[in-house]
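Can you make the complete structure from the sequences, with help from the hints?
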Amino acid sequence: MLVVVVATALAFTFTNGFHDTANAVATSVSTRALSPRTAVLIAAVANLLGAFASTRIAETIGTGILDVSPGVRGLHILAAGCVGGMAWNLVTWYLGLPSSSSYALIGGLVGAGVAASGGAAITWTAVVELILLPALLSPVLGFVAAYATMLAVAAATRGARPVEANRGF
Numbered sequence: 001m002l003v004v005v006v007a008t009a010l011a012f013t014f015t016n017g018f019h020d021t022a023n024a025v026a027t028s029v030s031t032r033a034l035s036p037r038t039a040v041l042i043a044a045v046a047n048l049l050g051a052f053a054s055t056r057i058a059e060t061i062g063t064g065i066l067d068v069s070p071g072v073r074g075l076h077i078l079a080a081g082c083v084g085g086m087a088w089n090l091v092t093w094y095l096g097l098p099s100s101s102s103y104a105l106i107g108g109l110v111g112a113g114v115a116a117s118g119g120a121a122i123t124w125t126a127v128v129e130l131i132l133l134p135a136l137l138s139p140v141l142g143f144v145a146a147y148a149t150m151l152a153v154a155a156a157t158r159g160a161r162p163v164e165a166n167r168g169f
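So for the sequence shown, my numbering puts the first residue at 1; every next one is plus one.
I should point out that these hints are in silico values taken from the structure, not numbers from a laboratory.
Keep in mind that the hints are not guaranteed to be accurate.
Ranges between beta-carbon positions, derived for each pair [unchecked claim]:
id, residue 1, residue 2, range
1, Gly-17, Phe-143, 45 to 51 Å
2, Trp-124, Leu-41, 37 to 43 Å
3, Ser-69, Thr-149, 43 to 49 Å
4, Ser-69, Leu-97, 52 to 58 Å
5, Phe-14, Leu-97, 15 to 21 Å
6, Ala-135, Ala-7, 25 to 31 Å
Here a beta-carbon is modelled for each residue, glycine too, at the ideal position from N, C-alpha and C.
Here is the structure:
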């Protein structure tokens with residue numbers, strides 16, 4: 001069963017790679033800011049460096065939200081969670097819908113935990129504090145930060161001619 005879980009986790013990682021790379025490069029390729037090859041290369045390097053930069057998300061997913069008992073039952077829950085996350089990745093990729101592979105995996109694990117134990121294995125306070133609240137607050141904070149950045153750039157380039165401003169960017 002351990003081999004099945006490892007193989008399923010690797011398969012999820014593969015779908016995560018092509019799913020998130022497509023989301024990351026779509027804008028830069030569609031606007032012709034970067035060639036597809038350059039955009040995918042940058043995304044691959046950034047994903048690799050990101051894996052070494054922090055393991056916080058993996059730690060939260062692996063230890064914070066689901067208390068999986070050792071043994072075959074726990075391995076079944078992990079395999080089912082990976083399959084659920086992978087299925088969501090494939091459906092949203094096929095339909096061209098942007099979505100987070102991390103949230104897909106979290107949803108798969110929580111769903112498997114609910115199915116296996118009626119929710120008893122899930123740390124619901126961690127789900128709320130570490131997943132739901134950040135998911136709700138991050139778009140608002142991102143909007144505020146983007147608006148502030150736009151105002152700063154507009155103020156910095158107010159008197160510049162377009163040619164000079166474009167050269168600076």
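Going down the list of hints, with the structure as the test:
1. Gly-17 to Phe-143: 45 to 51 Å: For Gly-17 and Phe-143 the Cβ distance comes to about 28 Å; the hint is violated.
2. Trp-124 to Leu-41: 37 to 43 Å: holds (41 Å)
3. Ser-69 to Thr-149: 43 to 49 Å: holds (47 Å)
4. Ser-69 to Leu-97: 52 to 58 Å: violated (34 Å)
5. Phe-14 to Leu-97: 15 to 21 Å: Cβ of Phe-14 to Cβ of Leu-97: about 19 Å, so the range 15 to 21 Å holds.
6. Ala-135 to Ala-7: 25 to 31 Å: holds (29 Å)
In summary, the numbered hints that this structure violates are 1, 4.
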